[in-house]
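There are 2 protein chains.
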Amino acid sequence: MSTRPPAPRAERADAARNRERILQAAERLFAERGVEAVSMDAIAEAAGVGKATLFRRFGDRAGLALALLDARERDLQGLMLRGDPPLGPGAPAEERLVAFIGALVDLLEAHTDLVVASETAPPGARYRSGLYATYHMHVRLLVAEARGPGADADALAELLLAPLAGEHYRHLRRERGMPVERIKAALADLARHALRR
Amino acid sequence: MSTRPPAPRAERADAARNRERILQAAERLFAERGVEAVSMDAIAEAAGVGKATLFRRFGDRAGLALALLDARERDLQGLMLRGDPPLGPGAPAEERLVAFIGALVDLLEAHTDLVVASETAPPGARYRSGLYATYHMHVRLLVAEARGPGADADALAELLLAPLAGEHYRHLRRERGMPVERIKAALADLARHALRR
DNA sequence: TGACGAATCGGACCGTGGTCCGTTTACGTT
DNA sequence: AACGTAAACGGACCACGGTCCGATTCGTCA
Chain A
1 MSTRPPAPRA
11 ERADAARNRE
21 RILQAAERLF
31 AERGVEAVSM
41 DAIAEAAGVG
51 KATLFRRFGD
61 RAGLALALLD
71 ARERDLQGLM
81 LRGDPPLGPG
91 APAEERLVAF
101 IGALVDLLEA
111 HTDLVVASET
121 APPGARYRSG
131 LYATYHMHVR
141 LLVAEARGPG
151 ADADALAELL
161 LAPLAGEHYR
171 HLRRERGMPV
181 ERIKAALADL
191 ARHALRR
Chain B
1 MSTRPPAPRA
11 ERADAARNRE
21 RILQAAERLF
31 AERGVEAVSM
41 DAIAEAAGVG
51 KATLFRRFGD
61 RAGLALALLD
71 ARERDLQGLM
81 LRGDPPLGPG
91 APAEERLVAF
101 IGALVDLLEA
111 HTDLVVASET
121 APPGARYRSG
131 LYATYHMHVR
141 LLVAEARGPG
151 ADADALAELL
161 LAPLAGEHYR
171 HLRRERGMPV
181 ERIKAALADL
191 ARHALRR
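For the protein sequence lines, the chains are A and B, in the order given.
For the first sequence, my numbering begins at 1 and goes up steadily by one.
For the second sequence, my numbering begins at 1 and goes up steadily by one.
Certain hints may be false.
Label pairs and their calculated CB-CB ranges [what the hints assert, rightly or not]:
no.	chain 1	residue 1	chain 2	residue 2	range
1	A	G150	B	P149	29 to 35 Å
2	B	D75	A	E175	24 to 30 Å
3	B	E45	A	P179	46 to 52 Å
4	B	R196	A	E175	26 to 32 Å
5	B	A91	A	S39	48 to 54 Å
6	A	M137	B	E145	31 to 37 Å
7	B	L141	A	G34	34 to 40 Å
8	B	E45	A	R74	43 to 49 Å
9	A	R197	B	E36	38 to 44 Å
10	B	P122	A	R196	56 to 62 Å
11	A	G88	B	A42	51 to 57 Å
12	B	L81	A	R197	31 to 37 Å
13	A	R197	B	G90	27 to 33 Å
Reference listing, derived: stretches of chain A covered by chain B, where coverage requires no fewer than 3 residues with Cβ under 8 Å from a Cβ of chain B [unchecked claim]:
no.	segment
14	14-28
15	40-53
16	70-82
17	115-125
Far from chain B, by Cβ distances over 10 Å, these chain A residues were calculated [claimed, not checked]:
no.	residue
18	A31
19	E36
20	A37
21	R56
22	D60
23	G63
24	A67
25	G90
26	A103
27	G130
28	Y135
29	H138
30	A144
31	A162
32	R176
33	M178
Everything labelled a hint here was simulated from the structure, so no lab data went into it.
Glycine included, each C-beta is placed from N, C-alpha and C at the ideal position.
My request is simple: use the sequences and hints to build the entire structure.
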């Protein structure tokens, strides 16, 4: 549950304490009432903190959601860069891509509403997250490896990531009622086809 | 620029007049200041109408944007159902899909911010639009035709439409700075690969 | 033409995300 | 220990999307 201080200089003690209080309050309220039903006011109050403190610390709603996801996202990032195959290095590109997509779906499934919140608040939040850039680069390298220099790996990576947007995933799961395994299978099918020369 | 009345019964004269005033005011303000910079209050005032009237007529911000897009979307729908090949019936599935994607990109390019607005306002607006359902069915039939009964055409169609979400398209164009033709080419590449058996 | 009910209107109102700015607090320095 | 300053605080404040409800207008039927 801890988050690394983004500070260039050490964080003041009260600031660190408040950050932790806010994260705990947010996590509790989200779990109790559902992410969408909890206002920023409510979180500030539950954390015993002024509203401005909450916003100063996390920027906006998306930033707070992202902070709560931080640990999980960081885990996935570590696994894909340094973990065992097929997620980590060593397996063929196609297998690595399918494994990556599967892992991302697991994360999405476990925290759908939080991911949606992290991508929704200001328009375009998804693409500003830094995390997105990491995922994009990963997929781009795999596409380039499998397809060779003829393909536009950069653009294809963007397209392959599009269905993994929180809102789209939620649509498939909730409105369309598709089971997780079916979604994974379709994504894997698309990914494998996209990687063929 | 006209929109068909959604009324089961004929619309009262003042209601029709106000609808038209609102659409014109919205179109003018959007063009003058940019979609994102225009508030619903401003539109109501410019139209000489109470705010409630605006919301009663169009539901929410997304609904208003959708009404402004209505004519164009309707055109596209007509062309893909009854137009000449390759967009309309008669061409092979792969060519029809590429043509459809190209046409949708043209629409997206011409009205990016309006499309984003039509998909953004309430979470999940994109998938409630009825229009989305039409596009989905179209793509699904083409996928089924090309891939045969073995593939999950329903799910694949959802995945192929994901990169055509307004926000994603805007990301590619504005943040990433990709030219329209490059986006079309990558989408066509992905579509063709996805349709291969 | 007058009158009546239903449809429509519109401005006051609400909750929300986000910001401003005067006040307080931590903490390195002497 | 006292001090000075940068950092952090918090509650009042703002604009926006959206709703409520009493006042008004349309259109019909006598």
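We went through each hint and held it up to the structure:
{"no.": "1", "hint": "A:G150 with B:P149: 29 to 35 Å", "verdict": "32 Å, holds"}
{"no.": "2", "hint": "B:D75 with A:E175: 24 to 30 Å", "verdict": "27 Å, holds"}
{"no.": "3", "hint": "B:E45 with A:P179: 46 to 52 Å", "verdict": "49 Å, holds"}
{"no.": "4", "hint": "B:R196 with A:E175: 26 to 32 Å", "verdict": "29 Å, holds"}
{"no.": "5", "hint": "B:A91 with A:S39: 48 to 54 Å", "verdict": "52 Å, holds"}
{"no.": "6", "hint": "A:M137 with B:E145: 31 to 37 Å", "verdict": "36 Å, holds"}
{"no.": "7", "hint": "B:L141 with A:G34: 34 to 40 Å", "verdict": "37 Å, holds"}
{"no.": "8", "hint": "B:E45 with A:R74: 43 to 49 Å", "verdict": "48 Å, holds"}
{"no.": "9", "hint": "A:R197 with B:E36: 38 to 44 Å", "verdict": "42 Å, holds"}
{"no.": "10", "hint": "B:P122 with A:R196: 56 to 62 Å", "verdict": "39 Å, violated"}
{"no.": "11", "hint": "A:G88 with B:A42: 51 to 57 Å", "verdict": "53 Å, holds"}
{"no.": "12", "hint": "B:L81 with A:R197: 31 to 37 Å", "verdict": "35 Å, holds"}
{"no.": "13", "hint": "A:R197 with B:G90: 27 to 33 Å", "verdict": "30 Å, holds"}
{"no.": "14", "hint": "14-28", "verdict": "violated (count 0)"}
{"no.": "15", "hint": "40-53", "verdict": "violated (count 0)"}
{"no.": "16", "hint": "70-82", "verdict": "violated (count 0)"}
{"no.": "17", "hint": "115-125", "verdict": "holds (count 4)"}
{"no.": "18", "hint": "A31", "verdict": "20 Å, holds"}
{"no.": "19", "hint": "E36", "verdict": "8 Å, violated"}
{"no.": "20", "hint": "A37", "verdict": "13 Å, holds"}
{"no.": "21", "hint": "R56", "verdict": "25 Å, holds"}
{"no.": "22", "hint": "D60", "verdict": "15 Å, holds"}
{"no.": "23", "hint": "G63", "verdict": "18 Å, holds"}
{"no.": "24", "hint": "A67", "verdict": "20 Å, holds"}
{"no.": "25", "hint": "G90", "verdict": "25 Å, holds"}
{"no.": "26", "hint": "A103", "verdict": "17 Å, holds"}
{"no.": "27", "hint": "G130", "verdict": "13 Å, holds"}
{"no.": "28", "hint": "Y135", "verdict": "13 Å, holds"}
{"no.": "29", "hint": "H138", "verdict": "17 Å, holds"}
{"no.": "30", "hint": "A144", "verdict": "13 Å, holds"}
{"no.": "31", "hint": "A162", "verdict": "4 Å, violated"}
{"no.": "32", "hint": "R176", "verdict": "7 Å, violated"}
{"no.": "33", "hint": "M178", "verdict": "6 Å, violated"}
When the structure is compared with the earlier hints, violations turn up for hints 10, 14, 15, 16, 19, 31, 32, 33 and for no others.
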